[in-house]
Amino acid sequence: MLRWASHSLLILLAVPILLGTLIAILPAFGYFPTLGGTEFSLDAWRELVQVPGIKRSIQISLLSGVLTPLIALALVFLYLASASGSKLDNWMRRLVSPLLSFPHAAAAFGLAFLIAPSGLLSRLISPGLSGWERPPDLLIVNDTWGLTLLFGLVVKEVPFLLLMSLAALPQLQPSKHVELARSLGYRPTIGWLKVIAPNLYPLIRLPVAAVIVFASATVDVALILGPTLPPTLSVRVLAWFNDADLNFRFLAAAGAILQLGTSLLAITIWLCLEKLCAVLWRFWVATGDRGTGERLVFFSGRGAMPIVLLVITGSLVALLVNAFAGPWRYPSVLPASWTFLHWTNNFQNLLTPLLNTLLISVGSTLSALVLVLATLESERQSGKLRATAMWLLYLPLLVPQIVFLFGFIVLTESMRWQGTMSLVIFGHFLFVLPYVFLSLSEAYRQLDPRWSQVASTLGSSPFKSFWRIRIPLLLAPCLTAIAIGMAISISLFLPTQLLGAGRITTITSEAVALSSGASRNLIAVWAVVQLSLPMLGFLAALTVPRLLWRNRTGMREIR
Amino acid sequence: MSESKLELDKVSIALNGKQLLTVDSSVGPGEVLTIMGPSGSGKSSLLAYIAGFLAPVFEASGGVFVNGDDITPLPAERRRVGLLFQDPLLFPHLSIAGNLRFAIDDRSADKASLIRQGLDEVGLGGFEERDPGTLSGGQESRIALLRLLLSSPNAVLLDEPFSKLDSQLRAEMRTLVFSKLRASGLPSILVTHDQADADSAGGEIITLEQ
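Taken in order, these protein sequences are the chains called S and U.
All the letters of the first sequence, read from the start, carry residue numbers 1 to 559 under the numbering used here.
All the letters of the second sequence, read from the start, carry residue numbers 560 to 769 under the numbering used here.
For the record, the hints were derived by calculation from the structure and aren't laboratory data.
Take the hints with a grain of salt, since some may be wrong.
As the list claims (entries may be wrong) - Some, not all, of what chain U presents toward chain S, calculated at C-beta under 8 Å:
| id | residue |
| --- | --- |
| 1 | Phe624 |
| 2 | Asn626 |
| 3 | Ala635 |
| 4 | Glu636 |
| 5 | Arg639 |
| 6 | Val640 |
| 7 | Gly641 |
| 8 | Leu642 |
| 9 | Pro651 |
| 10 | His652 |
| 11 | Ala662 |
| 12 | Asp690 |
| 13 | Pro691 |
Even glycine gets a Cβ: it sits at the ideal position worked out from N, Cα and C.
Using the sequences provided together with the hints, build the complete structure.
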């Protein structure tokens with residue numbers, strides 16, 4: 001039975017996504033029987049090119065798709081070059097997982113409340129430094145070129161790329177190589193960039209591709225921070241999809257395919273940039289220069305990461321202040337009084353979405369965990385290494401959500417499956433699965449094989465060894481994987497929105513829906529609930545093993 | 560006491576087409592066969608083959624007979640072959656009693672009294688609820704031996720079990736392990752590169768070439 005696990009894992013991932021993408025193509029060319037479209041036509045495309053501002057929408061999506069990974073990756077590399085092994089580095093390693101669990105939507109709201117004209121930052125400098133007595137008339141959040149969107153995405157993707165880099169680094173033995181470079185007279189930061197960076201990059205290429213696709217196709221962050229006139233392509237596709245006039249579905253389908261093309265174009269541009277950088281790098285390495293630019297790298301690398309941290313912390317503070325703020329006149333830095341009113345008034349509304357969120361995240365994460373454990377255990381028992389094709393695991397992150405979800409909906413609508421809890425859980429499962437696998441596989445593969453061997457020489461079946469030995473020994477990584485999976489599920493917006501057909505609401509879908517027009521206090525309450533759920537998960541993943549194994553000293557060194 | 564016999568019938572192991580070793584031998588009840596050789600000579604692979612978890616990259620052939628039955632078709636857990644590793648490998652999440660209970664297969668046995676009696680015999684009476692992480696090296700080794708014996712094996716494999724102990728403890732453990740194995744009438748195979756281990760085992764010695 002276990003032998004089927006890895007196959008079913010890949011089939012469950014690949015089929016809905018590839019099939020969904022293929023099916024999304026049909027309505028884009030006029031074929032959508034449930035809406036009377038039985039002949040192929042190019043009408044939707046003719047309509048699409050005439051949509052006012054469509055060119056700008058594409059440009060903004062491309063811009064954030066290419067610049068987000070570029071800036072985030074530069075920051076991560078400069079940081080790693082300048083701070084590896086430092087005190088700051090120890091701090092960051094501990095902070096990076098909780099930072100990653102900050103849901104996109106909550107982070108975006110926090111950032112908006114921090115940098116808006118009447119936000120926390122503006123209040124801090126007013127009227128003393130700026131002289132503003134009332135909020136300045138500036139379009140900061142929702143700016144026309146999506147710069148705030150870009151900023152928000154960079155701040156959110158830096159921890160992701162940092163975590164991926166930290167996971168890949170040990171196999172490169174960076175300290176040994178940097179020491180060697182230093183013995184040849186290279187300054188450590190320059191040595192890192194010349195020796196480690198070119199070897200690290202290929203190891204994190206897939207995560208970088210995932211960042212490109214996410215940044216070019218995000219819906220929730222773009223809804224909150226992105227431009228409105230016109231919005232990004234992905235936001236427009238969602239609006240057409242949700243239009244009361246069902247004939248807009250054809251336009252939405254064409255838009256979704258255009259989104260796929262835009263994301264692919266962003267990846268193509270990135271591949272060209274890669275080639276260019278490789279050439280420049282080779283020139284730079286060939287100069288044999290050992291120290292030029294060292295200070296610049298050092299200070300930008302060490303400076304940028306604390307700024308990212310400060311922005312995230314500031315966003316968090318902005319959310320908390322808004323969630324408990326009483327009357328708050330501009331430019332006072334803090335509210336005149338504090339109140340629980342925003343919470344008590346909303347308690348009733350929070351309840352159903354909260355229960356749904358828990359049900360969906362627990363359901364999707366536990367099913368993903370079972371499948372991942374079965375795959376890893378069958379891999380171990382067969383003794384064959386990594387039969388699983390790694391890039392397939394990234395598939396849900398490499399195809400823009402709105403594209404394959406669109407086709408998936410066409411499919412499930414005809415099966416009358418749409419709008420049900422089981423479908424939403426399945427949709428979340430697709431996104432949770434890769435993360436659960438990525439976070440658990442290393443620990444599982446690296447557990448000393450002799451534990452299972454001892455168990456079997458003592459007469460224990462593989463089944464008994466799995467439950468009585470491997471699972472307890474791997475309890476901490478399993479709980480971390482659960483916390484990560486639940487955090488991913490909790491932060492998802494589009495799968496809930498589309499597969500739930502608006503009938504199933506979660507904390508995230510409700511919070512994002514509030515972005516158009518609700519009061520800051522109300523939004524802050526939802527965002528605080530949204531971000532505290534994954535925090536609680538990580539807290540539990542950290543404390544449960546400590547409590548359980550408090551009298552088992554040997555469990556502290558298990559790996 | 561079980562009186563069993565372990566026979567290796569032309570057991571041969573190869574890696575990437577290169578022959579590592581061929582062993583053809585028989586070990587009687589209470590006897591110890593010692594296999595000596597430098598690292599890389601395949602002696603640990605031989606134990607893995609007998610125990611039933613040799614990695615698929617190795618090509619192995621030959622029969623392993625316990626009391627006349629070939630055990631090679633059986634999965635590891637049904638071979639009833641105990642194994643002592645270099646490290647005691649006490650399961651760190653279980654108490655001492657939990658570790659010992661894990662090894663006792665017999666559902667009808669009075670596990671608690673078996674464990675109490677066993678602990679008394681190895682001089683660790685009253686250690687039931689102790690955390691394995693708090694034991695000394697010698698205590699851990701004794702629990703590992705007791706755990707192996709409680710799993711009532713038909714044969715025992717020893718993979719350099721004394722190499723990580725300091726010299727005084729090593730002599731003490733040798734005496735304990737070999738006297739226990741002899742008393743239980745178990746055939747054993749010891750793999751080592753310490754001549755003193757071989758002398759203390761007192762049985763046939765096979766020396767492998769590189």
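Structure-based check of each hint:
Residue-level restraint check for Phe624 (chain U) is violated (minimum Cβ-Cβ distance to chain S is 18 Å; threshold 8 Å). The restraint placing Asn626 (chain U) at the interface with chain S is violated, with a minimum CB-CB distance near 17 Å, outside the 8 Å limit. At its closest, the beta carbon of Ala635 (chain U) sits 4 Å from a beta carbon of chain S; the interface hint therefore holds under the 8 Å criterion. With a cut of 8 Å, the hint placing Glu636 (chain U) at the interface with chain S holds, because the nearest CB-to-CB distance is about 4 Å.
The interface hint given for Arg639 (chain U) is met, as the beta carbon of that residue sits about 7 Å from the closest beta carbon of chain S, less than 8 Å. With its C-beta approaching chain S no nearer than about 6 Å, Val640 (chain U) sits inside the 8 Å limit, and its interface hint holds. With its C-beta approaching chain S no nearer than about 6 Å, Gly641 (chain U) sits inside the 8 Å limit, and its interface hint holds. Using the Cβ-Cβ criterion of 8 Å, the hint placing Leu642 (chain U) at the interface with chain S is satisfied: the shortest such distance is roughly 4 Å.
Taken as an interface hint, Pro651 (chain U) checks out: its beta carbon lies about 3 Å from the nearest beta carbon of chain S, inside 8 Å. With a cut of 8 Å, the hint placing His652 (chain U) at the interface with chain S holds, because the nearest CB-to-CB distance is about 4 Å. Interface restraint check: Ala662 (chain U) against chain S, minimum CB-CB distance 4 Å, threshold 8 Å, status holds. The interface hint given for Asp690 (chain U) holds, since its Cβ lies 5 Å from the closest Cβ of chain S, which is under the 8 Å cut-off.
Interface hint at Pro691 (chain U): satisfied, since its Cβ lies 6 Å from the closest Cβ of chain S, which is below the 8 Å cut-off.
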